[in-house]
Amino acid sequence: MAYKYPSEKIFVEALKAKFAGLDLSEQKVEYKRAGYIQNARKREFQAAGERVAEQRGMKQYDVNVHCGGMTLGQRQLVPYKLSTTSDIVEGDDLHYVNNPAMQQMWDDIKRTIIVGMDLAHETLEKRLGKEVTPESIAGYMEAVNHTMPGAAIVQEHMVETHPGLVDDCYVKLFTGDDELADEIDSQYVININDLFDKEGQADQIKAAMGNTTWQAVHIPTIVVRCCDGGNTSRWSAMQIGMSFIAAYNMCAGEAAVADLAFAAKHAAAVQMAEMLPARRARSPNEPGGLSFGYCADMCQTQRIAPDDPVRCTLEVVATGTMLYDQIWLGSYMSGGVGFTQYATAAYTNDVLDDFTYYGYDYALNKYGEDGTAPNDLATATDLATEVTLNAMECYEDYPTLLEDHFGGSQRAGVMAAASACTTGIATGNAQVALSGWYMSMYLHKEGWGRLGFFGYDLQDQCGATNVCSYQGDEGCCLELRGANYPNYAMNVGHQGEYAGITQSAHSGNHDAYCCNPLIKVTFADPSLVFDFSHTRKEYARGAMRTFRPAGERSLVIPAGI
Amino acid sequence: MAYTPQYYPGASHVAVNRRKHMSGDVEKLRTVSDDDLVAALGHRAPGADYPSIHPPLKEMGEPDCPVRQMVEPTPGAAAGDRVRYSQFTDSMYSAPSIPYFRSYYAAINFRGVDPGTLSGRQIVEARERDMEEQCKATIESEMTCPALAGLRGCTVHGHSLRLAEDGLMFDMLQRTHFEGGNVIEDKDQVGVPIDRKVNLGKAMSEAEAKKRTTIYRTDGVKYRDEPEVLDHVHLVHHRRTMYGYRPETAAETAPGVGAVTYKTV
Chain W
22 MAYKYPSEKI
32 FVEALKAKFA
42 GLDLSEQKVE
52 YKRAGYIQNA
62 RKREFQAAGE
72 RVAEQRGMKQ
82 YDVNVHCGGM
92 TLGQRQLVPY
102 KLSTTSDIVE
112 GDDLHYVNNP
122 AMQQMWDDIK
132 RTIIVGMDLA
142 HETLEKRLGK
152 EVTPESIAGY
162 MEAVNHTMPG
172 AAIVQEHMVE
182 THPGLVDDCY
192 VKLFTGDDEL
202 ADEIDSQYVI
212 NINDLFDKEG
222 QADQIKAAMG
232 NTTWQAVHIP
242 TIVVRCCDGG
252 NTSRWSAMQI
262 GMSFIAAYNM
272 CAGEAAVADL
282 AFAAKHAAAV
292 QMAEMLPARR
302 ARSPNEPGGL
312 SFGYCADMCQ
322 TQRIAPDDPV
332 RCTLEVVATG
342 TMLYDQIWLG
352 SYMSGGVGFT
362 QYATAAYTND
372 VLDDFTYYGY
382 DYALNKYGED
392 GTAPNDLATA
402 TDLATEVTLN
412 AMECYEDYPT
422 LLEDHFGGSQ
432 RAGVMAAASA
442 CTTGIATGNA
452 QVALSGWYMS
462 MYLHKEGWGR
472 LGFFGYDLQD
482 QCGATNVCSY
492 QGDEGCCLEL
502 RGANYPNYAM
512 NVGHQGEYAG
522 ITQSAHSGNH
532 DAYCCNPLIK
542 VTFADPSLVF
552 DFSHTRKEYA
562 RGAMRTFRPA
572 GERSLVIPAG
582 I
Chain U
109 MAYTPQYYPG
119 ASHVAVNRRK
129 HMSGDVEKLR
139 TVSDDDLVAA
149 LGHRAPGADY
159 PSIHPPLKEM
169 GEPDCPVRQM
179 VEPTPGAAAG
189 DRVRYSQFTD
199 SMYSAPSIPY
209 FRSYYAAINF
219 RGVDPGTLSG
229 RQIVEARERD
239 MEEQCKATIE
249 SEMTCPALAG
259 LRGCTVHGHS
269 LRLAEDGLMF
279 DMLQRTHFEG
289 GNVIEDKDQV
299 GVPIDRKVNL
309 GKAMSEAEAK
319 KRTTIYRTDG
329 VKYRDEPEVL
339 DHVHLVHHRR
349 TMYGYRPETA
359 AETAPGVGAV
369 TYKTV
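From first to last, the protein sequence lines are chains W and U. Just so we're aligned, residue 22 is where the first sequence starts under my numbering, counting upward by one. Just so we're aligned, residue 109 is where the second sequence starts under my numbering, counting upward by one.
The set of hints was computed from the structure by calculation and includes no laboratory data. Errors might be hidden in some of the hints.
[To be verified] Quick list of simulated restraints, FRET-style, between CB atoms:
hint, chain 1, residue 1, chain 2, residue 2, range
1, U, R152, W, D478, 26 to 34 Å
2, U, Y370, W, Q482, 15 to 23 Å
3, U, K136, W, G70, 49 to 57 Å
4, U, Y370, W, G89, 43 to 51 Å
Every residue gets a Cβ at the ideal spot worked out from N, C-alpha and C, and that includes glycine.
Only chain U is shown next, with the shape it has when bound in the complex (with noise of 0.2 Å):
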């Protein structure tokens, strides 16, 4: 599947980041086994066959329509997966990724996925083997810092606490810690705990993780710093609010609003 890179105003690495991310331009920083994966995810049992929800698409006898012949299945749907899920929070304080950039990330770069974006969490679902490759991408890349972000089915809010003493986000079920300096989950995303301690690697260091982000912050890029995502919003502002019944009448510029330009990677 190729996309063409997406498009984001602004110039500091912040905004830098957040293009790499809509684009799918994200360096892998870490290998996670299948069997861990599962294993955190909690879906189902390390090795065991995917359930299934309905006979592979080719014994089902589809009727023919133009839509089954332009929309090739994904693996998952093909196979008759169930629909499961994963679900990420990310610390406010300087996670490399953002909510919103996890669900562009994740509609732009992969197929028959179903994110949903809050502000403690985001999630995705999908057919599980599909729902497993997008995570594992994820998990596995600079969008994630073990100690920062995590897999967490419920008890959220650790995204807006101050972070514990070792430096990890707050999590309520204690779904991770440190062991030999590398952040370790004995627990699957609902906090049931699993039978192996799945290495999650190193955290990020505070400037790896201030260079990674995708947070504006007063303590990092701050936001006011950024005039050119500012004007885009306020030119969004402008169109939504003048134009929302008669967008194609829409200006392409707004009173005292400055120039937008939008780069790719």
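So that you can see chain W by itself, here it is in the shape it has in the complex (with noise of 0.2 Å):
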């Protein structure tokens, strides 16, 4: 890609617009501390903690208990511009209660899980001596639309839930066998050819997949608004099960059943994320256990817009943010509301896009195309030492930047992540750009004397020890890495950073997909509630209160509740 980094920083429309008509540069400012009524959102908060308090007759949200009557807004309440787009929104917008988007994101991947077709088709075959068909899978399809929100399929008297409530629910199958695809009624296909039809990536992908077919089930966001994400593939395999002895006319008790409810369980099932140890107590399809590689893959921008990886990386970063510090860390992990804050340093105001782009123009003009800098340590010291030193000298020369990024957390968190997608980007490796991450870390300490809360000073400041070393214990390829590897299960600021560090290698390659062609196919599907290739233009909708997510319980509730 032919890319020049602009005359003016990137970040400095946002700050315009967060700080209208003062110097951005200037490093004195008379604070108003005008208190909570600057800002509209907080007004409306006030307002509504003294409905619930009158209707509840006790207390609740009170700007006034703040720091003994000293409200929030003691400085300017700034609101946030989602980075590449225009939209700019309240902080506390950004919070994933206030925000419907982000919890259908979630929502999306909790509810998924791709089951193989291939075990029950040869179940089918060989040992009922069933015919398997285009038109037979196709009768599997309408089954199973039917009977995986909730409906009944071989039973003549049961319970089933409301259609309008599981709208969302829905199986769809996808294939590398184009043969196959092209006789399946297209409603229920994800088309991987005209899906992913820029710079190869169709044949990519098929190539990985080979022959083999699949299902990608989505459960109702309902469910797992009420269960956790291990439900996904138990609620998936009973309807799988239900369906399969519907659409082929099987004897709903014979032993044969077994099997196709084993593999719809276990041998063919791809959970988004795997189960955590004892210790943390989490089922599979929970945050914890979400590889970078596949949260990568979630992400599609990479699927629309190959020709800039910077954009690419960074809504992986966007996405992977969110999830594994908003949701993950910041509730599953600890409760409350600070990770926000961290998080939302990686995807507003254009200021990782602004470092990383300023990066990739620096390694395009040393090194040449994505992907094909050396794969050594000597490439990863140059790009982010280059790309550290002008992030710091951007918070020095703009101190509105600086204040924006109040927190040393997330100042390290956006150099580290430009510094590392950069080298992802030239070398086309995950582990190398990992290496500059923590340059970037250690450059940054370095220079200003401090760098985050406590926990960077163990996984910053060991982790490049695991870099390079991939035995038991002692390292991992970044892709295969996840939000519970051994020194990143506590950190705020990092691990949506490391999935974005995962796509900028494969984004450097130009490859379709990062870590599991599946994950790219199922994420891909237009269907889905939640537009995974446009994750921060979808937090804006959430935020400006023009997402309609799915799961709501307006069918069978009160009017005007």
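Mind docking these for me? Both chains are given alone in their own frames, and the hints should help you get the complex.
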């Protein structure tokens, strides 16, 4: 890609919007201490808190409780621009509780499982003597799309779920066999050739899949809101089994059903996330078990804009930081609200974008095309040093930028991510990119004599040791590391960036996928509620209250609530 | 206690200041009375006895052991003081000290201290009288400008915010203000009002702060212009990456990394 870094810093436009009328480079300012009243959302919260208190007869939200009456807003409460969009939103609306798009992104992952069809077809053909044809597969797809939302299919007297409550639930099929795909009713097919039509991506994916056939199952959002992620495979497998029984006129109790169930639950099932060890006590399909490679593959920007590796990479960062920092670490692991502030630094105000595009321009000029720089420490050192020094200078030259990222952890995450992603795109190697991350952390710490909170003394100081070793307990390729990787398990401001670093290497190589082509295809499906190719735009829609999520209960609750 | 002066690369005055902080070779610039310090810390009333959590060690009949024979208790430990804290915030705008060098200063030059280092704050926990000794030395020295640094037990994000018009580091809780050209503290570390005005003296001028600072900045000593420190970092990165599991085999140099000379005060 021919790219030229612009003459004006990319983040300046956002800063101008946030700090309207102020000199962005001035180191001093008059603090007006206008309090919460300066911000529309805080005023809305205060009024809502008063209503809640009146309705329930017990106090709730009250800004005056904050710090003994010294309310939020002793400095300017600034809005946030979702990077690469023109959408400026309130910070509060980027907390996942206030943002239905963010919730839906996680719901769409948690409610998904991929189940191979080939094992089931072999059972039907070899054990039961059934004929499996494109027509019979279409009949099965009709059956499974009836029953997956919670409808009965082989029983005579059963309760069922209201179709209007579970309208987001469906099953689609995808295959590396073009001939088979062409013969199945298109409403049930994820069309690889159409969706991956750039840079030969469809051929890459089909070559990896071979002639295998898979079903992408999305159980109802409302179900995973009541149950944990481990339920997805069970709900899915039960309905798949019933659908096979109905579509292929099987005996409901015959032993072959066990083979179909075993395939659907285990042998042919691809979970989105692995089960965690007992001390973390989470089932499959919970965020702590989601590998960085899978997270990167869920994001779809590489599919639609492979000629812009920075954008592809940073959409993954946005996906990962929200999921890992805001939901996983911020709620599952710690509780509270503070983690949102870390995560937003990585996907708002075009800051990470600026730092990374700067590095991309530098790397193109020095090393040439994407993915061609030498895979060695010298490259990581060079690129991470230049990107980190540039970023530090930006914070020094633009006090409003420093104020925007008012925590060292925010700055550390953003600078290290820009360094590593630059290195990943340039080299096409995620391990070398990871080395750039640690290089940046060291430089940052030494230059300013500070880094992030205590955790940054752990993983960011000892982590370099794990970059080049794949021995058990000593390291792993980044694609297969995840939120529960040793040393990564507790620290906000890292995991989403690691997912982005994974993507950067594969964007540098212009790969169709990072880790698993099945994941990539499944989340390419335009029928999903959340659009995984435009993560930041979707967050903006959620913040602006224009995103319509699934799993709502308005059909079965009193109106006007 | 006599420690060997510490070593650090770099030729600029920022590097020199870093060596001074680490080695405890810092200039005393002001005097803060014991009672004022106690009030500002907010852990006990000025003049009150030190609360204790155990009897003096001499009265405890401790078992005979080689560690106890080798390590002389600090005064606070010997008396049974509680562990309390002092926490400083240093502005990014050329405050004299920075969190890691505050920690190095404390850990190298004082006994019985537990420094913690974050981006916006640096905490030292120790037995109360030991903590006060370390805090007093710090606050009276060139490591602290009362306008650009401060005792802050909470709300420390002012370190990266723009300075107020009068040059004070932003403080949500307004623990300090200018009065008669001096910086006055009338709230304790966590913002509780105290019944006195602690005079912390005059703020450093911008030029003096830049002369005494330990931070690299584009409007002072540029980090880019200190190649020896950058090479030091590159060497650390190389050695941790290549020899993390076999440190005994680590090379003294790395490809492309210039020679690094570690100097002392």
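If you check each hint against the structure, which ones fail? none
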